[in-house]
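**Q** I would like the entire structure built from these sequences, with the hints used as guidance.
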Amino acid sequence: MNNIPLVIRREYVTRVRKKSFWLLTILVPILLALVYAIPIYLALKPIDKSVILVADESGVFGGLDRDDMQRGDSRFVSTDGIEYRYAATFDYARRTMDADDEVTAIVYIRSRASEALPTDACLYYRRNLPSQQVRSDVDRQLQRILRNRLLQAHGISDDEYAMITGTKINLRTQDFETGREAFTEVKTALGLVLAMLIYVAIFMFGSQVMRGVVEEKSNRIVELIVCSVKPFQLMMGKVVGIALVGLTQFMLWVALTGIAVGGIQVANSDLFSTATARHNITELATKGDDAAAQMQQAADMSDLPQIVEGIASIDFGVILPVFLFYFVFGYLLYATLFAAAGAMSDSDTDTSLFSLPVTIPLLAVILMMPAMIDAPSGTLSQVLSVIPFTSPVAMMIRVPFGVSLWQLWLSMALLVATMPLCTWLASRIYRANILRYNILAKFRRK
Amino acid sequence: MKLQANNIHKTFGGFKALDGVSLSVREGSVFGLLGPNGAGKTTLLRIINRIIRPDSGELLLDGKPITDEQVRTIGYLPEERGLYKKMRVGEQAIYLAQLRGLSRGEATMRLRRWFDRFDITEWWNRPVEQLSKGMQQKVQFIVTVLHEPSVLIFDEPFSGFDPVNATLIKNEILALRDKGATVILSTHNMSSVEELCDDIALIDKSHVVLNGSVSQIRRSYSKNLFEVVVDDGAVMQLTPTGGGSANDLLADLMKHHSIVSFREILPSMNDIFVETIAGNK
Chain L
1 MNNIPLVIRR EYVTRVRKKS FWLLTILVPI LLALVYAIPI YLALKPIDKS VILVADESGV
61 FGGLDRDDMQ RGDSRFVSTD GIEYRYAATF DYARRTMDAD DEVTAIVYIR SRASEALPTD
121 ACLYYRRNLP SQQVRSDVDR QLQRILRNRL LQAHGISDDE YAMITGTKIN LRTQDFETGR
181 EAFTEVKTAL GLVLAMLIYV AIFMFGSQVM RGVVEEKSNR IVELIVCSVK PFQLMMGKVV
241 GIALVGLTQF MLWVALTGIA VGGIQVANSD LFSTATARHN ITELATKGDD AAAQMQQAAD
301 MSDLPQIVEG IASIDFGVIL PVFLFYFVFG YLLYATLFAA AGAMSDSDTD TSLFSLPVTI
361 PLLAVILMMP AMIDAPSGTL SQVLSVIPFT SPVAMMIRVP FGVSLWQLWL SMALLVATMP
421 LCTWLASRIY RANILRYNIL AKFRRK
Chain D
1 MKLQANNIHK TFGGFKALDG VSLSVREGSV FGLLGPNGAG KTTLLRIINR IIRPDSGELL
61 LDGKPITDEQ VRTIGYLPEE RGLYKKMRVG EQAIYLAQLR GLSRGEATMR LRRWFDRFDI
121 TEWWNRPVEQ LSKGMQQKVQ FIVTVLHEPS VLIFDEPFSG FDPVNATLIK NEILALRDKG
181 ATVILSTHNM SSVEELCDDI ALIDKSHVVL NGSVSQIRRS YSKNLFEVVV DDGAVMQLTP
241 TGGGSANDLL ADLMKHHSIV SFREILPSMN DIFVETIAGN K
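Those protein sequences? They're chains L and D, same order as listed.
All residue numbers for the first sequence refer to my numbering, where the first residue is 1 and numbers rise by one.
All residue numbers for the second sequence refer to my numbering, where the first residue is 1 and numbers rise by one.
No wet-lab data here; the hints were simulated from the structure.
Hints should not be assumed to be uniformly reliable.
Said to hold, decoys possible - With a straight-line cut-off of 30 Å between C-alpha atoms, the simulated BS3-like cross-links for lysine-lysine are: (1) D:K2 / L:K230; (2) D:K133 / L:K19; (3) D:K205 / D:K281; (4) L:K18 / L:K168; (5) D:K179 / D:K64; (6) D:K85 / L:K19; (7) D:K16 / L:K230; (8) D:K16 / D:K86; (9) L:K230 / D:K281.
To be verified - Examples of chain L residues lying across from chain D (beta carbon under 7 Å, computed): (10) N2; (11) N3; (12) L6; (13) K49.
We treat Cβ as the ideally placed atom computed from N, Cα and C, and that holds for glycine.
**A** Printed below as a string of structure tokens:
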């Protein structure tokens, strides 16, 4: 009789029942939802008003130069969150800051000896460091005023300036034969995400297999079990059971994250209700909020169509099956080896040593990732994406860019061919060591 | 079922664990497998359970090579035994019984009966880690015999038990034998060997050095020593002079005393064990 289903069932049920399983299952979507929600929240929340005093002794920034009173382009301009007030002298500014809690900082620009424009300014604060938002706004205002001064001095009009700085050339990388665009950035990002997913999954669930083996060994139940289950069956039952746990968790993550993100969208439906959602976020981001500023970068209006176009150009019909294939077979390849490493260990502390040979190829491929990203079709990428132990991670970097069919088949075939070999080797190591103790001590003695 | 091991050899990386070991276990008897630590007992038991393969030699059940299916139904209580600490007792016992081929329902029913009998029903839903060592041993014993195997192997079944529970287990083993089970018992507890075993094999340094029925072996080690109690209450330990028989001694004694009791003092299994191992140095 075949006992593998019983083993799989136990591995699955005991793990899925654990509190830690549900904790992780719930925490990860919450974390992802927070990553999604916080920039929106920050963008939406009313900004704390802060008052900054400008003590400009140079006169360049509108401090002394009363004639320039009306010209906003050579003065500090208050924004939604920051109110700039001019102070006649630095001393006066300092006394005001001492007396008035509302004043958070003083921008101080020294008087200048010559006609040259100042190169130094200082932001004085008391007790609380001004926020990054305040600091970058002060910096922006200083730069803007200086620039305007220079433009004026050289007789360049605003229109001329806008024309000069507004140049933008779009460099496209295009396949000569198909005429399709490469969309390198989008594909690199996608490849990186897929590669990391496989790497993390192999590590996480592979080490669960290893710990499971060590548990059975260290609590001495294994001898009781191997007389009714062949060691190979026990090992495979564990590997498959944990794979199912992983898939369950993965699907729950996807579903819960979807629900959480959807919930955030519904709660802020005014923000997401129309097709202008992205536009809204961009607008919010331009308020100068830091977290949102990053989103602005990603959603910068001129790049946005390209990203959308880039995502549309990706052939998910090919990538998804390929991803799933390498996900499953990569895990299976490594899980049996992790089981063998576990069989050699007496306790959890031993596993780090015995699992080292197993993890080296994985770590190597992560270390070589920058080089692969640089040249997804280079020799290094080609070699790593064919070698069975590195291909599950390496192929993910390459696959968004398109891989020649013969290499893909070769890589898959090698992976599939290596698996029984690896499983055979692992099960031999497993069987030979599962009832032996103090292997590490014996090594040391030799 | 009659279990035979013929000329079993097993080497671990240059170390001979078993060197031509043969033994025969009668159906419905308790067979004691004795020997000092590291003699190869556990290796032999693992070979019988097909956990490891012998280099050469054969195992027969009723004269035929053991099949995989038969091996799976052997009840084996290993010396190195444990349970999943985080699993609940009942659930774990059901799992182990299912691995032995019982259905879930059948396993649950039988387990409930055994748990009642061993007075551990209230522990059914507790995680194993809350059980004392003795209680865990009880659970392991139950799981070993639950599927009513015709061949039972116990490796140090009494370790971790108090005298009350050890007696409980002894009686259960004898009851199983009386129902026809063939039992192999490996233990260092020599008094339980005398109580339980019909036959024994003593393994030392990878060889069987002593083999036979307990009573015959003890007789063969007889020191010709007799205990006599006479009517005035005196207890004497005597040996017939000049190599005479018990009858000669008795005849001699009767001339002077009125005898209340007369019996031979046979050496204990403990003495035989120590003497044999010392002689095999």
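**Q** If a hint holds in the structure, say so; if it doesn't, say that too.
**A** Against the structure, the hints:
1. D:K2 / L:K230: Holds, because 25 Å separates the two Cα atoms, which is no more than 30 Å.
2. D:K133 / L:K19: holds (26 Å)
3. D:K205 / D:K281: holds (9 Å)
4. L:K18 / L:K168: Status violated; Cα separation ~56 Å.
5. D:K179 / D:K64: holds (22 Å)
6. D:K85 / L:K19: Holds - the C-alpha atoms of L:K19 and D:K85 are around 15 Å apart, at most 30 Å.
7. D:K16 / L:K230: holds (25 Å)
8. D:K16 / D:K86: Distance ~38 Å between D:K16 and D:K86 Cα, so the pair is violated.
9. L:K230 / D:K281: violated (38 Å)
10. N2: For L:N2, the interface hint is violated, since the closest Cβ of chain D sits about 11 Å away, which is over 7 Å.
11. N3: holds (5 Å)
12. L6: holds (5 Å)
13. K49: violated (56 Å)
Checked against the numbered hints given earlier, this structure breaks hints 4, 8, 9, 10, 13; the rest are met.
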